[in-house]
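Whole structure, please, built from the sequences with the hints as guidance.
There are 6 protein chains.
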Amino acid sequence: MSNRIVTFGEILLRLSPPSHLRITQATSFDSYYGCAEANVAASLSKFGLPVKFVTAVPDNELGESSLSMLRSFGVNPIVSVQGKRLGIYYFEQGASERPGKVVYDREDSSFSTLKMGMIDWRTIFKKANWFHWSGITPSLSQDLANLCKEALEVATEMGLTISADLNYRPKLWQYGKKANEIMPDLVQHCDLLLGGVDESESVLGVPRNELDTDDIVFANWMKVYPRLKNIVSTHRMDANASSNGISASLWNGKKLLHSRKYNISHIIDRIGAGDAFMAGIIYGLITWPEDHQMALEYAVAATCLKHSISGDINLATVNEIKALVSGAGGGRVSR
Amino acid sequence: MSNRIVTFGEILLRLSPPSHLRITQATSFDSYYGCAEANVAASLSKFGLPVKFVTAVPDNELGESSLSMLRSFGVNPIVSVQGKRLGIYYFEQGASERPGKVVYDREDSSFSTLKMGMIDWRTIFKKANWFHWSGITPSLSQDLANLCKEALEVATEMGLTISADLNYRPKLWQYGKKANEIMPDLVQHCDLLLGGVDESESVLGVPRNELDTDDIVFANWMKVYPRLKNIVSTHRMDANASSNGISASLWNGKKLLHSRKYNISHIIDRIGAGDAFMAGIIYGLITWPEDHQMALEYAVAATCLKHSISGDINLATVNEIKALVSGAGGGRVSR
Amino acid sequence: MSNRIVTFGEILLRLSPPSHLRITQATSFDSYYGCAEANVAASLSKFGLPVKFVTAVPDNELGESSLSMLRSFGVNPIVSVQGKRLGIYYFEQGASERPGKVVYDREDSSFSTLKMGMIDWRTIFKKANWFHWSGITPSLSQDLANLCKEALEVATEMGLTISADLNYRPKLWQYGKKANEIMPDLVQHCDLLLGGVDESESVLGVPRNELDTDDIVFANWMKVYPRLKNIVSTHRMDANASSNGISASLWNGKKLLHSRKYNISHIIDRIGAGDAFMAGIIYGLITWPEDHQMALEYAVAATCLKHSISGDINLATVNEIKALVSGAGGGRVSR
Amino acid sequence: MSNRIVTFGEILLRLSPPSHLRITQATSFDSYYGCAEANVAASLSKFGLPVKFVTAVPDNELGESSLSMLRSFGVNPIVSVQGKRLGIYYFEQGASERPGKVVYDREDSSFSTLKMGMIDWRTIFKKANWFHWSGITPSLSQDLANLCKEALEVATEMGLTISADLNYRPKLWQYGKKANEIMPDLVQHCDLLLGGVDESESVLGVPRNELDTDDIVFANWMKVYPRLKNIVSTHRMDANASSNGISASLWNGKKLLHSRKYNISHIIDRIGAGDAFMAGIIYGLITWPEDHQMALEYAVAATCLKHSISGDINLATVNEIKALVSGAGGGRVSR
Amino acid sequence: MSNRIVTFGEILLRLSPPSHLRITQATSFDSYYGCAEANVAASLSKFGLPVKFVTAVPDNELGESSLSMLRSFGVNPIVSVQGKRLGIYYFEQGASERPGKVVYDREDSSFSTLKMGMIDWRTIFKKANWFHWSGITPSLSQDLANLCKEALEVATEMGLTISADLNYRPKLWQYGKKANEIMPDLVQHCDLLLGGVDESESVLGVPRNELDTDDIVFANWMKVYPRLKNIVSTHRMDANASSNGISASLWNGKKLLHSRKYNISHIIDRIGAGDAFMAGIIYGLITWPEDHQMALEYAVAATCLKHSISGDINLATVNEIKALVSGAGGGRVSR
Amino acid sequence: MSNRIVTFGEILLRLSPPSHLRITQATSFDSYYGCAEANVAASLSKFGLPVKFVTAVPDNELGESSLSMLRSFGVNPIVSVQGKRLGIYYFEQGASERPGKVVYDREDSSFSTLKMGMIDWRTIFKKANWFHWSGITPSLSQDLANLCKEALEVATEMGLTISADLNYRPKLWQYGKKANEIMPDLVQHCDLLLGGVDESESVLGVPRNELDTDDIVFANWMKVYPRLKNIVSTHRMDANASSNGISASLWNGKKLLHSRKYNISHIIDRIGAGDAFMAGIIYGLITWPEDHQMALEYAVAATCLKHSISGDINLATVNEIKALVSGAGGGRVSR
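Protein chains in written order, with my numbering: chain A, 1 to 335; chain B, 336 to 670; chain C, 671 to 1005; chain D, 1006 to 1340; chain E, 1341 to 1675; chain F, 1676 to 2010.
If you are wondering where the hints come from, they were derived from the structure by calculation, not from laboratory data. Values in this document were obtained by computation on a predicted structure and should not be read as measured data. Even for Gly, the Cβ is constructed at its ideal location relative to N, Cα and C.
To give a feel for the contact side, a few chain C residues facing chain B, derived at Cβ under 7 Å:
| id | residue |
| --- | --- |
| 1 | TYR932 |
| 2 | SER935 |
| 3 | LEU975 |
| 4 | SER978 |
| 5 | SER980 |
| 6 | LEU985 |
| 7 | VAL1003 |
Set out below in structure tokens:
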């Protein structure tokens, strides 16, 4: 396949108590490596697309392990080895009415020491035609926001398609800027956006009337960000920590398409569900560029399956996702 | 906080096969230390109240481990080291239509060798203002029933508020007395009682007409036990071993208050759910003495969260419980 | 009890990633020994019936372990030690919309080297009065189909009651014959059959009109296979990999009996659910020969409980199954 | 093989923290079922001899599991289901200078409720030609000592060969008798004895001069117990909890034979080492009745291999033990 | 006992791959909480002495867990809840010629944000008579070095005995000062010191002639630091990652006492061995103030046993250590 | 680095019981992917050399997982997806005098279906300068022996340096040819050989006088196989399953160089020790082409460290191996 994708972001060590234990009762932690853009990269590579992942890690065993994980998926890591530590997040699985809980310990990571000029974007983007980033990176520091912008400008200049996941986490924006002071300058480079109407004002700086339907909101976004070709959103319903419904929608500038809704009765791991959707929609739009409904169904089936898989990364294959789109759910053992 | 609580009871070793295995297929057992009153003690200590736990353990590693567990929660154990063994119960987790199963092996435990005169209640109760016990202790032997009575009389004399959980388990009453020959003499000392209308005759010796509504039954209890100020009950609905609904009610002599109902779709561990409620209502009545509804909502949210936590003891914090009372269930990851 | 049962089939090593992990992320596999007829044998032995299991295993630790498992249930294995390997299947637990997955690696197993004349059926059947087999065995090779026939002819001659589970798995029929070229010759020896209307044409060679109700289909089967006395079927409803409803029906030549329906909200392991039913109906018809409804209720309660038990084999006891038939589901801990 | 062996004794649940953890830091316990005579029974069955094991267990899952374990080895358990609990011992693995530690919790077990007249020895001994018991059983109660005597008298009358392991554990003799008040009456029935010179006075009541060499001591034993044909002893050298040397000797009334000495540099589990030796010497004397040296070498190689095996029971096969006797130690992987 | 001890230092989360795995192959990490002074505190509390531990932790589950661990030992934590993270170190167990490996990730921890004036030493030291610190704390920042000095001056003024472990780790001294620019000012307050002759110049600023015997070096130390009453040292011999010899010496100003030497043939966990010794010598000098040899033997037996125990903290009891001093090593199972 | 290496061979799934359990007592198996040449490939890639690995795997999750493992090390797998199964070997860790045990289940694997003409050697060898194979491959089938020959002829023609590990396992040569009927034709293409004098006649067809010293034997080999430039051998001493000494020698046609000897007191996993040596000597001869002693010391230090690492593959890094060569063994924790 001639599509070649570059993603850019931080990779973290995730530490999770096993068997639904709480952090305060853990005597061990299951370890995974991943985070937003790395999860997208690994999933796209699992789908069979060639993927580079640009990041920074420390010169120690944790950095090395994070790269081994990426390589095991066939992702090609483009790494700056610098700084002192791999960022960490502790994740406690929730159950029923007890919410899952993330405790971040990612400050002062190797990735957070990256600055403009440290990455040779021109070489990295050679032969690539898609660039993906998320709102996590510019939330971490002004330097990373600048670096993001640098990447986007080069990617635009070199003609890559650009996608972003807004991924708005208010707690991460700690360096004195609000999301909507930084993100608009970056989102203007995007062709594809994953976000929700709640993020209209806070992230994109686009005022929203509470009564506006989603199609109106997304149409407003496209006015402000004219490069946008598709806007996608996911929706959780009737959710507790063990089960929820999930569906998604896509606005292509003309129509708001709605996906099938899945009831997920037994969540194994919801971390990375949005990243699974993101990888799904990128794969979908590349594979069925004329069939937005199919692309959307693929993406929502991907995120549905992710909820059944431990760790941050969606291990569902193209065939498994297509089978679910075609109606072959979990009711029968596949022999 | 000036409230100081004393609880009294046995602490057991619980052995549970991991991963929903049955006892007959286990090659290992997860171990926990706990039991009715110990669970209440640990939960109250986790809520920030100063708690003493009065018990007896053998002079071996199992006894020591049970005390370490209590100390890890900040509970102050007042221990008589005597006897030969720590009591055990094996607990097999159920699933769907397979019930959880308890196999007791608690006879001849150190705790069961306690007798009147062995515990210096006056010293222990000094500076305390609340005493909690449960119907488990007097079910084990006449000596323990007598010791219970001794404690209750001293506590009454010294002006402590007294609470009890009826905790009626017919199989435990093996020493020739029925529950309703022993319990009334003890319950007359109580200000707060956790029990269900089913226990009216069998435990409290108060005849019940099947047609009586709960408020009528509880009003009858208050006539027989005039010291009672509040009676609380929990209710399970649509239950199997993996899911149930839960709610609770409180009779304060005037009104039967009803709590919100929670649907627990994925039970991690239901052992100690009643103890979590008991700790919750004690904390609630101490914290919001004028707001019985809030106390009740706090207690039922506490028991709801307990179902999501492995082991006997509720690890939910005051903030987590209040968040659930305020409507923040498990639908979102707490970041 | 004077009933003595002989079962015949292959025993496999099952390798399953723990904790719902996928095969591609496993760093260990939980191991179980079992397969269709072995599961029936072990369950019947657990019910208290004397059972022989006829099979072949290699002369190595895996063969030995599979026999130890059978013996641990009290099954008496009649074994031919021959061939080179114990067959394997990898089983990945599904969750919600992700189906469970079986990867077979059972070709060239010791069992597959069995041929006519290698087993002394006359000695084995002495004192026995029931013979059970399944459609797995004749699917594996012409030699095994022939061996099956040999066994059935001897069993018929010696007057045993004969039961079969059609167990139709299209992927296994690889040696050039279709199921309905082989199975009719074998099924004609059966008194009791477990199968579904879908298998009418493909397995039994009995044409079926899509509009026919089940009783009509089964009545047709009895015409073609006049020895049949009872035909039983199980039905899954509203199924995903984590939950489903289950019920069953029995056609005794006169009436189509329907069982109670169970909702299984949390499946622990669905492998062997059919075998648990098979063992249940054999036990039921032996125990309550005049009460087909009771036999059917016993069998469906058995399969319901199997879904809550890890591994291939139903560990539910007669008392536990009877309790569920009597309405005592998982809503209460059994103390 | 025409030899049929009966063993008699208690079977316990052993609970051991995994991975060399101490009991006080365990959050789980590995579980095994075994104890002196049960270990001998299982090992003999693994060697291919038909073995019955006479015991008592409670009517619960723990009792059932202990029997399943025995059956998995092919042992035929002759069981009285009575009493309330399966005895337990906690075993903490030692390491280097930290000794392994046993915490007993075996009082009031089902086995301890056995009395004379409860076991039908005549039926059990029919067709058997060897009876094995150990000094553990008579140490537990006067009733069990009496029952032991009853068994020995019937076995003697019926012409069985009788073996015993003195297994002297001072802490177990708690019912008011000393070992040497009880054991002589029992040992007089024995043909084969496993014991050490240290036990001469305390167990057998035979005074020993510290300067006496082992052959003199054993010759004295044979004078007092004229039925004895062989006395065997094991010797540990340079021992810490992780490594030791081991050898053994056999006095056949004429000569003191000495075995090869093994250096065990890495002990996996030393529990049951004596039982492995006992099973080895029984097998050895049955198999090579004229070659006492070979029997002894077999027994010491058996105990050597036991140290490399987790749990109470020796899983070494006849071929593995013979290979070690022939010099094939652990230096090469067996492919 | 009237001795009351205060220790001061950081507590870290330790993450170790299980089963001798390397960090790069771990899929989980065993977790422990501990570090130099915390280990001393917990061990002294296990010995039965009342101990306070002064530290700082973040307001999250990791901080809370570290305190629970301390409380479980009976240690009373005096905590300032501040800062953002609990420091971490990854520890990979070595084996044979592969060294154990520590990867620090402790910068920017809560403890590292402590400064002079933040701790109320006067209140903390009230009723205490011993203060223990180590060279780790002043190595972390100038602020912590100042805080150390503050503590030492108050302790000196209030008449406490003061002990220190030099604990020299060159990699930790990163803030621009060398150890021997900071430590002398602190060590002058000490009565008891654990250190090695290698640290003479680099830590204490006392020049050392390579040919000087240990007694000469220590005598020189006492000249420079006249408050010192005892100097203790440990010695490893013939070491690889799995085994070593260990002994210790004590200089009391008059004589260089030498301990027994232990051969540790199978190291379970060597982390915290020095801290175990430190706790041992503190306990020893308090318990046998006149018998320095006994105190030294106690301390070296304590460190010997620590090598057999997983985690940072010595779980050996006073009785176990005394038994080893008396010659009862691991050669026999303690029943 | 301009060296590019191609290796060729089978990759297997290894299943090992955890914690030194025997296969017959395992309830789970730890899984690893590896085998002779794959282990060499992964180790060389870990050393920083670019490596391709040529193999065949089935189109299922096991095949995919084996490739992920290789990719995680940076190895580039050149794979033919064909056939039905991934070969398996069960490995039971030994201990002390109990030997480790391999049970092969590798027949009919995907790799065994490879034949001449299926692999495009010319494309694969482009830009490569080293080819490595082992005697395992030609032992499996005549087709694989032919394919080996094909590869060697192309490699020779394209000027690659060629190395081989004789890896003689008599049990694998099952297709009717003896090793010395096949191997000479292949070894004649080699520049570097790993083998022992024991294999002289049986593998290489070079008669050996028992009295010949190693240098004489190797000199004879070079006469028969004139392309050989270096012959290397490893030597185990004083071996049991838990500990051994290890050293190596190298004959370069002029001199027999001897390495340092290591005592490995605590073996974690000896599988792959020879492969670790092979990777070490390849790396050594590439890195220090003029310093054979250094190359040899590197290789023997590599194999020494492998014994401390779980799984088939040496995870030691260049720096760790060099440190051991320089004398920095496991005696100190690396901080």
